[in-house]
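With chain V fixed as given, assemble chain Y onto it according to the hints.
Chains V and Y are the protein sequences, given in the same order.
Numbers given in the numbering used here equal positions in the first sequence, counted from 1, plus 586.
Numbers given in the numbering used here equal positions in the second sequence, counted from 1, plus 586.
Careful: at least some of the hints might be erroneous.
Where chains are identical, the list cannot tell them apart; a pair therefore holds if satisfied intra-copy or between any two copies.
[Claimed, not checked] The calculated SDA-like cross-link candidates involving lysine to any residue, where the alpha carbons are at most 25 Å apart (straight line), are:
#, residue 1, residue 2
1, K938, E921
2, K784, A594
3, K897, A749
4, K784, C815
5, K897, N780
Hint data in this document are derived by calculation from the structure and do not stem from the laboratory.
2 protein chains.
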Amino acid sequence: MTPDQLLASITPQARNEPDSGIVKAAMYGFGRPDVIPLWTGEGNLPTPEVFSNAAIDSLRRGETFYTWQRGIPELREALARYHEAQFGRSFSFENFFVTSGGMQSIQTAIQMIAGEGDEIILPTPAWPNYAGPLRIQGSVPVEVPMEFRNGRWTLDLDRLFDAVTPRTRAIALNSPSNPIGWTATRDELVAVRNFCRKHGLWIFGDEVYSRFYYGARGETRAPSFLDICDDEERLLLANTFSKNWAMTGWRVGWLQAPRALAPEIERIIQYNTSGTPAFLQKGCVAALDLGEEFIRAQVAKARANRDLVVKLLGNQSRLRFEVPEGAFYLFFGIEGMTNSTATTLRIIDEAKVGFAPGATFGPGGEGHLRMCYLRDPAKIEDALGQFTDWLKTAQIN
Amino acid sequence: MTPDQLLASITPQARNEPDSGIVKAAMYGFGRPDVIPLWTGEGNLPTPEVFSNAAIDSLRRGETFYTWQRGIPELREALARYHEAQFGRSFSFENFFVTSGGMQSIQTAIQMIAGEGDEIILPTPAWPNYAGPLRIQGSVPVEVPMEFRNGRWTLDLDRLFDAVTPRTRAIALNSPSNPIGWTATRDELVAVRNFCRKHGLWIFGDEVYSRFYYGARGETRAPSFLDICDDEERLLLANTFSKNWAMTGWRVGWLQAPRALAPEIERIIQYNTSGTPAFLQKGCVAALDLGEEFIRAQVAKARANRDLVVKLLGNQSRLRFEVPEGAFYLFFGIEGMTNSTATTLRIIDEAKVGFAPGATFGPGGEGHLRMCYLRDPAKIEDALGQFTDWLKTAQIN
Numbered sequence: 587m588t589p590d591q592l593l594a595s596i597t598p599q600a601r602n603e604p605d606s607g608i609v610k611a612a613m614y615g616f617g618r619p620d621v622i623p624l625w626t627g628e629g630n631l632p633t634p635e636v637f638s639n640a641a642i643d644s645l646r647r648g649e650t651f652y653t654w655q656r657g658i659p660e661l662r663e664a665l666a667r668y669h670e671a672q673f674g675r676s677f678s679f680e681n682f683f684v685t686s687g688g689m690q691s692i693q694t695a696i697q698m699i700a701g702e703g704d705e706i707i708l709p710t711p712a713w714p715n716y717a718g719p720l721r722i723q724g725s726v727p728v729e730v731p732m733e734f735r736n737g738r739w740t741l742d743l744d745r746l747f748d749a750v751t752p753r754t755r756a757i758a759l760n761s762p763s764n765p766i767g768w769t770a771t772r773d774e775l776v777a778v779r780n781f782c783r784k785h786g787l788w789i790f791g792d793e794v795y796s797r798f799y800y801g802a803r804g805e806t807r808a809p810s811f812l813d814i815c816d817d818e819e820r821l822l823l824a825n826t827f828s829k830n831w832a833m834t835g836w837r838v839g840w841l842q843a844p845r846a847l848a849p850e851i852e853r854i855i856q857y858n859t860s861g862t863p864a865f866l867q868k869g870c871v872a873a874l875d876l877g878e879e880f881i882r883a884q885v886a887k888a889r890a891n892r893d894l895v896v897k898l899l900g901n902q903s904r905l906r907f908e909v910p911e912g913a914f915y916l917f918f919g920i921e922g923m924t925n926s927t928a929t930t931l932r933i934i935d936e937a938k939v940g941f942a943p944g945a946t947f948g949p950g951g952e953g954h955l956r957m958c959y960l961r962d963p964a965k966i967e968d969a970l971g972q973f974t975d976w977l978k979t980a981q982i983n
Numbered sequence: 587m588t589p590d591q592l593l594a595s596i597t598p599q600a601r602n603e604p605d606s607g608i609v610k611a612a613m614y615g616f617g618r619p620d621v622i623p624l625w626t627g628e629g630n631l632p633t634p635e636v637f638s639n640a641a642i643d644s645l646r647r648g649e650t651f652y653t654w655q656r657g658i659p660e661l662r663e664a665l666a667r668y669h670e671a672q673f674g675r676s677f678s679f680e681n682f683f684v685t686s687g688g689m690q691s692i693q694t695a696i697q698m699i700a701g702e703g704d705e706i707i708l709p710t711p712a713w714p715n716y717a718g719p720l721r722i723q724g725s726v727p728v729e730v731p732m733e734f735r736n737g738r739w740t741l742d743l744d745r746l747f748d749a750v751t752p753r754t755r756a757i758a759l760n761s762p763s764n765p766i767g768w769t770a771t772r773d774e775l776v777a778v779r780n781f782c783r784k785h786g787l788w789i790f791g792d793e794v795y796s797r798f799y800y801g802a803r804g805e806t807r808a809p810s811f812l813d814i815c816d817d818e819e820r821l822l823l824a825n826t827f828s829k830n831w832a833m834t835g836w837r838v839g840w841l842q843a844p845r846a847l848a849p850e851i852e853r854i855i856q857y858n859t860s861g862t863p864a865f866l867q868k869g870c871v872a873a874l875d876l877g878e879e880f881i882r883a884q885v886a887k888a889r890a891n892r893d894l895v896v897k898l899l900g901n902q903s904r905l906r907f908e909v910p911e912g913a914f915y916l917f918f919g920i921e922g923m924t925n926s927t928a929t930t931l932r933i934i935d936e937a938k939v940g941f942a943p944g945a946t947f948g949p950g951g952e953g954h955l956r957m958c959y960l961r962d963p964a965k966i967e968d969a970l971g972q973f974t975d976w977l978k979t980a981q982i983n
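Next up, chain V with everything else stripped away, as it sits in the complex (with noise of 0.2 Å):
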């Protein structure tokens, strides 16, 4: 049978639906030692061996049988330690259903409360990873784009409620975001929320960078919707162990939901996954329970990465950026840069540096490309070095 015959047989969303351009950049330039690779939202230390060897200790125990699809009481009860801590106020295990990754959240989510033909509102530029699998259900993401004015970006939250229809069943908020490090303010979330109450949608959260946050007042974590929502209302948070706890090859996460919901989700995880390793997830309550020094470290890179990547790339006349609030991507522009896509994989051929295309993230995406800041800061100053030595030069379009 044909490629062509195969492919007609599939359904038409799957057929249709791009590639993500950060998967295309990575494969791109995947393998090739010369290329210094910020592609992906990945930090460059392995799992601290701590975290590793409580997993590693569990197998040993021969813990590899079916287990709890809500996820072991263990992690559930570390989760609610973990963010009474962060929070300031009491949480409940019954709140936290543990997922095989922040992504899998996202589809747990999305087939929560989203059906055929329903819409889920979403600021853009944004992670290609809530539209897609939207799509793939036959649920339309109505992509709202944010504006970079003045070197900001800024979201209008009168333009994000008109999208509202008679189909819009959540609007979903990344704050920090990924790619452009904007973070919501306090009232910004409020107004969400509120919007979201009175229309009876679900607000659909993913926080995932919350403790990559470079307020000026010294702030530990982003403003969440967990400051101002109540546990049982229509409020939906993925969240993941990758960026935290350096777990990104591990999959696992979780999903904050009203426990009012806990067998419709259980049944959901059922029919995804059947479940999270449970050796993995001993893992993860060794990274909530050991975990802050750690992750003080990484955010404390992140900032100084942060801080470098701006003062190396600031002076560029062709670039335009604002400076990330939270997560560790700078979003930066690029005067005249129409393809982002093709000047990526020109820059990986040619300066040997690999960034994610600008147009993968959604309306307002194009003529940007995305880089990684949570990496070696040398190889930082050295791709960069090598990136603007060729900027110098390059014919952008």
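Just chain Y now, with coordinates in the frame of chain V:
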């Protein structure tokens, strides 16, 4: 916000989906040390150390970063080798896609081929985790009950083919079958293949139990679509490391599919889980390369236990069943039983034995219970002694 308001805010499919009876029974009896659990499809041995050690070594080496969305090349190559040894023909690594468990393989497959309102035909009794995820995504499982006649389960192929409508996208076939152990003959597989080819349908196969086959001629595996299909046709096969290699808790599986669809499958994997931990995949390579002796011991144990179970229950006048040809379940009818779910819970309380209720396996399942017999034979003797004692006097309805 009240639980009812929250429930009203999710999709009708997510709200109305029934609980799995297997999970219901297991959760009812979980953690009661006096109950002998035979509810889930899981052996009683932990993962062999030699498989775990390969994962541990990888974790210690710090292989904790994002990895190939299609699976690490080493594992895909090992899957090709394993299949070559099983089938005596060549296989390409490009037809194997690593997933986070057999369940995730099923999700990936149905997301590829079935949209809103599309139908997949499914003989029942069947594991509930085919119909469930189809319903959740708005697709339609079309269940065609098999018949239990003269002590045998029979699949009426005419009836199966008659269920096709213009919305049909696939015929699903689980052989050897969970729960009934029925195993398709090569002729039946050829008939399904020919029908699907003629009508442009996908074959969606689950051959997870193919090694657990008790053929009369000493076969080491069941007849398979891989004996009679091309690699590049409308064939999707879900599989898992769970059963053969005692890795239920690892959540690693694979999807065998046309390589022409690799980019589309990769995108769906990206949106579901963003890949499977590389260090777990290293354990799976060890399982494939070093696991044959273990599998043979598992299958020999299952076969001996099947004979034990048949001997212990064969003289019970209130029970009826077919001696299963494959898998590791006994699916037995109880005279007069019309509520298998209530009876399952009663047996947990009164006989201290954990079965799964037949009703959860779809049309044709009510009136039956399922037991998993890949367990310690002494425990099986205890369990069935307790059950048959209970059966002597129990009023069942």
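Results for each hint:
1. Taking identical chains as interchangeable, the C-alpha atoms of K938 and E921 lie at most 25 Å apart only when both belong to the same chain, with a minimum of 20 Å there against 73 Å between chains.
2. Proximity of K784 to A594 under the C-alpha cut-off of 25 Å is restricted to the inter-copy arrangement: shortest distance 16 Å between copies versus 43 Å within a copy.
3. In this assembly of identical chains, the alpha carbons of K897 and A749 never lie at most 25 Å apart, being 38 Å within a copy and 67 Å across copies at closest.
4. Only within a single protomer do K784 and C815 lie at most 25 Å apart by alpha-carbon distance; the minimum there is 14 Å, versus 56 Å between protomers.
5. Taking CA atoms no more than 25 Å apart as the test, K897 paired with N780 passes in neither setting, with 39 Å inside one copy and 66 Å between copies.
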